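For the protein sequence lines, the chains are A and B, in the order given. My numbering puts the first residue of the first sequence at -3, with every later residue one more than the last. My numbering puts the first residue of the second sequence at 213, with every later residue one more than the last.
Hint data in this document are derived by calculation from the structure and do not stem from the laboratory. Given the structure is predicted, the values throughout are model-derived calculations rather than measurements. Keep in mind that the hints are not guaranteed to be accurate.
[As the list claims (entries may be wrong)] Subject to a maximum C-alpha distance of 27 Å in a straight line, what follows is the list of computed BS3-like cross-link-like pairs (lysine-lysine):
hint, chain 1, residue 1, chain 2, residue 2
1, B, K215, A, K541
2, B, K297, B, K282
3, B, K297, A, K541
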Amino acid sequence: MRLIEVINGPTACHLPPLGRSGIASRFGRRHAVGPKPVFGAAVLALFLLGAGAGGLAGQEDLGKVTYDRWCGGCHGVDGDGLGVAAEYMLPRPRDFTLALYQIRTTASGELPTDADIRHIIDVGMPNTTMPGWENLLSEAERDALVEYLKTFSRFFGRGDVPQAIDFGRATKVSEAVLTEGQEQYQAMECFKCHGDFGRGDGASASTLEDDGSFPIRAADLTENWKFNGGGSVEDIFRRLRTGLDGTPMPSYQDVVDAGVITEEQLWSLAHYVRSLAPEDAPGIDEVIRAELIQDAALPTTVDDPAWDAVGVSYIPLVGQIIVSPRWFDPRVDGLWVQAMHDGQELAMRIRWSDPSQSPDPDWAEWKALIIDLMAPKEGDPPEAGPTPDRLVVQFPKEIPTGLERPYFLMGDQRNPVYQWQWRSDQSGAVEAEARGLGTATALPSAEQAVTASAAFADGQWTLMLRRPITTESASDLDFTTGEAIPVAFFAWDGDNGESGTRAAISSWYFVFLEEPTSATVFIAPLAAFAITGSLGLLVVGRARKREQEGVVTEDEPPDEE
Amino acid sequence: MGKYLKHPLGQSVAILVAAYLLIKFGIVYLPPLVGLASAPVPSSVVLQYMLTVIVGIFVWVSDNEERWSKFKQPMHRVMVDPERKMARGVLLVATPLLVAFVTFDRVRPSVSAPVSFRSIHPAPPGQIDFQGRTMRLTGLENPLRSRGSLDEHYEVGKRIYYQNCLACHGDGLAGLGYYAQGFNPVPLSFQDVGTIAQLTESVVFWRIAKGGPGLPNEGAPWNSAMPAWEDFLSEDDIWAVIVFLYEQTGHSPRTWGDEGEEGGH
Chain A
-3 MRLIEVINGP TACHLPPLGR SGIASRFGRR HAVGPKPVFG AAVLALFLLG
47 AGAGGLAGQE DLGKVTYDRW CGGCHGVDGD GLGVAAEYML PRPRDFTLAL
97 YQIRTTASGE LPTDADIRHI IDVGMPNTTM PGWENLLSEA ERDALVEYLK
147 TFSRFFGRGD VPQAIDFGRA TKVSEAVLTE GQEQYQAMEC FKCHGDFGRG
197 DGASASTLED DGSFPIRAAD LTENWKFNGG GSVEDIFRRL RTGLDGTPMP
247 SYQDVVDAGV ITEEQLWSLA HYVRSLAPED APGIDEVIRA ELIQDAALPT
297 TVDDPAWDAV GVSYIPLVGQ IIVSPRWFDP RVDGLWVQAM HDGQELAMRI
347 RWSDPSQSPD PDWAEWKALI IDLMAPKEGD PPEAGPTPDR LVVQFPKEIP
397 TGLERPYFLM GDQRNPVYQW QWRSDQSGAV EAEARGLGTA TALPSAEQAV
447 TASAAFADGQ WTLMLRRPIT TESASDLDFT TGEAIPVAFF AWDGDNGESG
497 TRAAISSWYF VFLEEPTSAT VFIAPLAAFA ITGSLGLLVV GRARKREQEG
547 VVTEDEPPDE E
Chain B
213 MGKYLKHPLG QSVAILVAAY LLIKFGIVYL PPLVGLASAP VPSSVVLQYM
263 LTVIVGIFVW VSDNEERWSK FKQPMHRVMV DPERKMARGV LLVATPLLVA
313 FVTFDRVRPS VSAPVSFRSI HPAPPGQIDF QGRTMRLTGL ENPLRSRGSL
363 DEHYEVGKRI YYQNCLACHG DGLAGLGYYA QGFNPVPLSF QDVGTIAQLT
413 ESVVFWRIAK GGPGLPNEGA PWNSAMPAWE DFLSEDDIWA VIVFLYEQTG
463 HSPRTWGDEG EEGGH
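For reference, chain B alone in the conformation it holds in the complex:
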């Protein structure tokens, strides 16, 4: 083992293997050390890194004449030595076979669903038609927050949620209801910081009132199983369920003040 590692070819192979393991499996563990979220390295990036490593190895072995000829020597001997006829033959067959197999894997037909892109939070309209009257969304606040008792609104919202939303969005509001796996896209998780916590209550109202059929095309309305709740619920019902969503998850809605500071839209 030690003999091979002293040889430049053995060292190059060792570097290559170590680099692959580090890039493919090691890097994933680095971000959590500083408290960041992690994800697997995409294979195209792995390929790019590995090419860089190979170029680096070549620069290193060819930098010094003696090391270069030592590096080449084993390969050269496999090609010319009469006593390595066997290894030579195997390599001459195995390499083309490997290349042929990789080629086959690339060209054979694969069955996959078409890629679909959809925007989860498409831009809301400035106003909507709600149960026959025009409702301006811009600047709209949840009227229940300044009327009556929030406790009562929560209880009303809870009843509406449990009778209507539970099957898909789930008891935990995490989008894991007992019907969730039947739909694609899967129901939204309100616990996720990327959903209601990013939205004003007026946008949530629009999404509930108009549902899947009311999405603009970029939201792929033809796939969404979200009903248009204006067919089932009154305006106050919807505002109450919105109170419930925020209270139960502990998220706060985005306010129009936030929008203003960023220039709004």
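Just chain A, same shape as in the assembly:
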């Protein structure tokens, strides 16, 4: 029985839902049935499997059984990081035989503490394929995993037990601290990899390799929720002190020891790095609100200050892994989208981090490396020659009347989509129709109505697209106000080897063009106020009148009239 418990451990856990599909789950139980009889074969299989995986697993084998079952697929059953999924991932899974751990509380070059290993097992590593296992594995299983991981390397168990550094407490943040931090950012030459504004676009960014000779990205410091080791100022300070072993990110302990920078200044640097990212990680809005501009002109440039006054929606993008050839290493992982309209035209501004203006010769080697690692798995080879950055905004060709919409991945034969296509090697944008990924055709030039302007600066694209709300053309979408209109996004980073179906994609979102506020919105509350107020006056007036009459005829209570 013990065996079955061990094997079944994780399934007993309650897994947190991700949200967004609440309604679906309530309507989804078409096949609801009562308790099923136990399926004998499966139980027998489970027993056989268990016997195969770990023999009669005792407590000491719990680590191996758990590891083989849940970790070996990526990290390999021998702990060498060469699991069956490894080549679909970048960064590659950790090779435990090297005992090189990025996220530690110990000095650079030292082994991690048990608590360090356990911490990463629990919470995972953001922006990599390593998930947190806190809700999936039991406490005992995770503890056993720590012990088991250490058996892959002969470095553990020799000499002293690694000691965690005392990092002290964070200094208080202030304008002066941030200015100091910014100076240290220059002095410590963080910009060389991370770029002047922290978007991972420094001059050396295209040449970075980890200890396994795999290309590695300099972290985009404006997205602290994606930092491998956590995004708090304390996390950042720890990474600065200990470095990320196995990556080009060094430890700054030696500079502190040499007296070049004080510990306090290192805290200031951590505060500055933290300040490059927003206060909170963005939530995902399903609806992009296009605000109505009534007494001003729509912006004509990408950096018009009018854009600062409208809300921003974050749209996450993921790799296109639905049709062949697939893409498991998208560079653009999210877009910041804004929209406004003046009743005549719709303007949309989209910003995203991208370390280069493709095609950039400095990134040619990087591109070749990425293609070599990630592309040859299936399908046609990537486009030869220079590849630009691209962005597509997609709508249905007509606003859906029912629930049905075109297939989000660029439509299908039956139901086409309408797109705005922009690319970094051409000016303007093109309106097109698509009936499936890779089938887009431009609308006739007489019907082209979308205009685009784009600017690239400091590792960021800013793109503005404008189009009249309605047009003469029958092949495009006529927008309407006061209605949620499906919209989806696609992005390519040419210097990351992306072209064709090797892209970053989103599912359907919505854009909502605000309507002029109808008079009802103001009249209804006024009317409610007037009616309630008069009723109140009436009731009070009558009560007072009866009271006065009651005073006159004191012997007869008014109730008995």
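Starting from the known structure of chain A, arrange chain B on it as the hints suggest.
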């Protein structure tokens, strides 16, 4: 405090507040006491209960003549007493303001995504066209369960899962892969007792082979990011990954025997 609680009006207010707290926050804690799952009380139900409570209070205060006049007295005095002019004025302004604000909140335009309904497990077809040949789903069992070693099928299925399914459905098979948040609807959790544990292996085969594009309209095929895996995998590959899904989660598939007992379809 005690003085107010002896008065019928004070008592009514106390009952009203207690009832609200109980309905809104208290009831949620009751089902877990007997081992049932719990959920917040919908606001429409809260409203309904509160109306019932108010009617109950009125029945109670008006049941006895003396209590009724005591109940009314403070309100009556606010309306007529010369020394309560201030309170009267405040009430006459504040109440209409409150009503106006509630009205404004109701009529102002709100921006929200259209509600979408989709069936997670739409009825499967009796047969499908799989890689150019007809495959009858009704009564179809996983052929790998009666062929070769289940251990090997599990290992093959594991490799296929890790190379193809992991990004969305996740290492824990809980639908929490690293691409999961990029898609709407989010990927299915196989750990959930409402998914593969409710299905026969033939239905799972159909869903894997045909993916999102192969869903009937009630399944909202235009939103699903599930690929049609018949373009990538062989028949045995798909059966092997199905073995893996059940073994790794510890669920058992629904069998055709179960269907028969219920009359099937």
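Status of the hints after comparison with the structure:
1. Distance restraint check for K215/B and K541/A: the Cα-Cα separation of roughly 30 Å exceeds the 27 Å cut-off, and the hinted pair is therefore not satisfied.
2. As the CA atoms of K297/B and K282/B are separated by approximately 21 Å, the hinted pair is consistent with the 27 Å bound.
3. Only pairs whose Cα atoms come within 27 Å are accepted, and K297/B paired with K541/A is accepted, the gap being roughly 15 Å.
In terms of the numbered hints stated before, the structure departs from hint 1 and from no other.
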